[in-house]
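**Student:** Sequence:
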Amino acid sequence: MKIERIDTTAWEKNVLGHAKENVFVQPWLLQVTDEIFGLETMYLALYPENEHSVHYVVLQKKEHSAWAPFLGYGEIVADGILSEREVYLDIKAMEKDCNIEIQRIKFSPHIVLHDTCLLRKEQASILSLGGRPNQYIENFSKTVRTGIRYAQKHGIQIRLLTKHDLNAFYDVYLETARRVRSDYITPRSLFERLLDSENSYGMGAFSNGILVAGSIFLQNGSSAFFWWNASSEAGRMLQANYLLMDASLRESRMRGVRSIDMASSHTPSIKRTKKQWGAVDTPFFSYEK
727 MKIERIDTTA WEKNVLGHAK ENVFVQPWLL QVTDEIFGLE TMYLALYPEN EHSVHYVVLQ
787 KKEHSAWAPF LGYGEIVADG ILSEREVYLD IKAMEKDCNI EIQRIKFSPH IVLHDTCLLR
847 KEQASILSLG GRPNQYIENF SKTVRTGIRY AQKHGIQIRL LTKHDLNAFY DVYLETARRV
907 RSDYITPRSL FERLLDSENS YGMGAFSNGI LVAGSIFLQN GSSAFFWWNA SSEAGRMLQA
967 NYLLMDASLR ESRMRGVRSI DMASSHTPSI KRTKKQWGAV DTPFFSYEK
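Residue numbers (our numbering): 727 to 1015.
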């Protein structure tokens, strides 16, 4: 198999039309994560033997380890539907040619694969904002509606976050990470870059002028990824997250978003919470070393 490195212009021309729902393979976000995590992005064109099609992949590597990409969903873009065997052949060819070990590929939910026996099947919660302007609200559960009213009654105010809110948001994020016993802490610098980007937006819930909850969304056209939510103990008591999400969905739709990926869930209770907003389980496949 022949493998060539291509530039961002060729990547955007050949791939982004197919991967328009995947913010994680956009060059702007790959560049940000390169700089923050010390990675190197490689845009690759693969030419399988006895095939007329070209497979396109983006990898981010550090020393001899690589991810496709480091954050979020990846793609192997090709004409037609790939089989699991073709995926593994591509992986082995890239590992040999680039002298790396690919640690992970999480295929975005819109990717369809044939004969998936060895790849792990997971589920993401996808929330549709399509249809009539407020049609998605009809899917809110009673719990959601009650939580929204409770937060409103207790004076929670919602607005877009700016870089001036970064310190307060990061403090709430660290509190949340400790509460859920997260094994990984996202660098402050990444949140800083995202709050300063036109391709992402943050929403904050405030009680008496103090930030008690915040969320970060990554947008690519009509699709968005609900990347992080954090709340303080005060925010949880005031049920601020309900009003925060309600306002975030309105803001998202105003920005042209018609589908929000609320990601996979680590516990059944988190998945149930997403379903209360009307999210639907959508399968995706992943490869891990």
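Derived by calculation from the structure, the hints in this document are not laboratory data. Note that the structure is predicted; figures quoted are calculated from it, not measured. All residues carry an ideal CB built from backbone N, CA and C; glycine is no exception. Be a bit skeptical, because a hint or two may be false.
[To be verified] Calculated cross-link-like contacts (lysine-lysine; reagent style DSS-like; alpha-carbon spacing at most 30 Å):
| # | residue 1 | residue 2 |
| --- | --- | --- |
| 1 | 1015 | 879 |
| 2 | 746 | 728 |
| 3 | 728 | 879 |
| 4 | 879 | 746 |
| 5 | 746 | 889 |
| 6 | 868 | 889 |
| 7 | 739 | 728 |
[To be verified] Across the chosen pairs, the derived CB separations fall in these ranges:
| # | residue 1 | residue 2 | range |
| --- | --- | --- | --- |
| 8 | 918 | 830 | 20 to 28 Å |
| 9 | 857 | 883 | 27 to 35 Å |
| 10 | 827 | 807 | 52 to 60 Å |
| 11 | 733 | 883 | 43 to 51 Å |
| 12 | 788 | 857 | 39 to 47 Å |
| 13 | 883 | 913 | 27 to 35 Å |
**Student:** With a cut-off of 30 Å on the C-alpha distance, tell me whether residue 746 and residue 889 pass.
**Tutor:** Since the Cα atoms of residue 746 and residue 889 sit roughly 27 Å apart, the hinted pair holds (cutoff 30 Å).
**Student:** Take the C-alpha atoms of residue 1015 and residue 879, compute the straight-line distance between them, and say whether it is at most 30 Å.
**Tutor:** violated, 50 Å
**Student:** Does the hinted range 27 to 35 Å hold for residue 857 and residue 883 at CB?
**Tutor:** holds, 29 Å
**Student:** Between the alpha carbons of residue 746 and residue 728, is the straight-line distance 30 Å or under?
**Tutor:** Holds. Residue 746 to residue 728 sits at ~26 Å (cutoff 30 Å).
**Student:** Would you mind confirming whether the straight-line C-alpha gap from residue 879 to residue 746 stays at or under 30 Å?
**Tutor:** violated, 40 Å
**Student:** Range hint 43 to 51 Å: satisfied by the CB atoms of residue 733 and residue 883?
**Tutor:** holds, 46 Å
**Student:** Would the pair residue 868 and residue 889 pass a check requiring their Cα atoms to be no farther apart than 30 Å?
**Tutor:** Violated: residue 868 and residue 889 sit about 35 Å apart, past 30 Å.
**Student:** Falls inside 39 to 47 Å, the C-beta gap from residue 788 to residue 857?
**Tutor:** holds, 43 Å
**Student:** Is the hinted pair residue 728 and residue 879 satisfied, with a Cα-Cα distance of at most 30 Å?
**Tutor:** Given that 30 Å is the threshold and the Cα spacing comes to 63 Å, the pair is violated.
**Student:** May I ask you to test the hint 27 to 35 Å on the CB atoms belonging to residue 883 and residue 913?
**Tutor:** holds, 28 Å
**Student:** Given a hinted range of 52 to 60 Å, is it respected by the beta-carbon distance of residue 827 and residue 807?
**Tutor:** Since the Cβ atoms of residue 827 and residue 807 sit about 26 Å apart, the hinted range of 52 to 60 Å is violated.
**Student:** Given the hint of 20 to 28 Å, is the C-beta distance from residue 918 to residue 830 inside that range or not?
**Tutor:** The hinted range 20 to 28 Å holds for residue 918 and residue 830, with Cβ atoms some 25 Å apart.
Taken one by one, the earlier hints fail for this structure at numbers 1, 3, 4, 6, 10, listed in ascending order.
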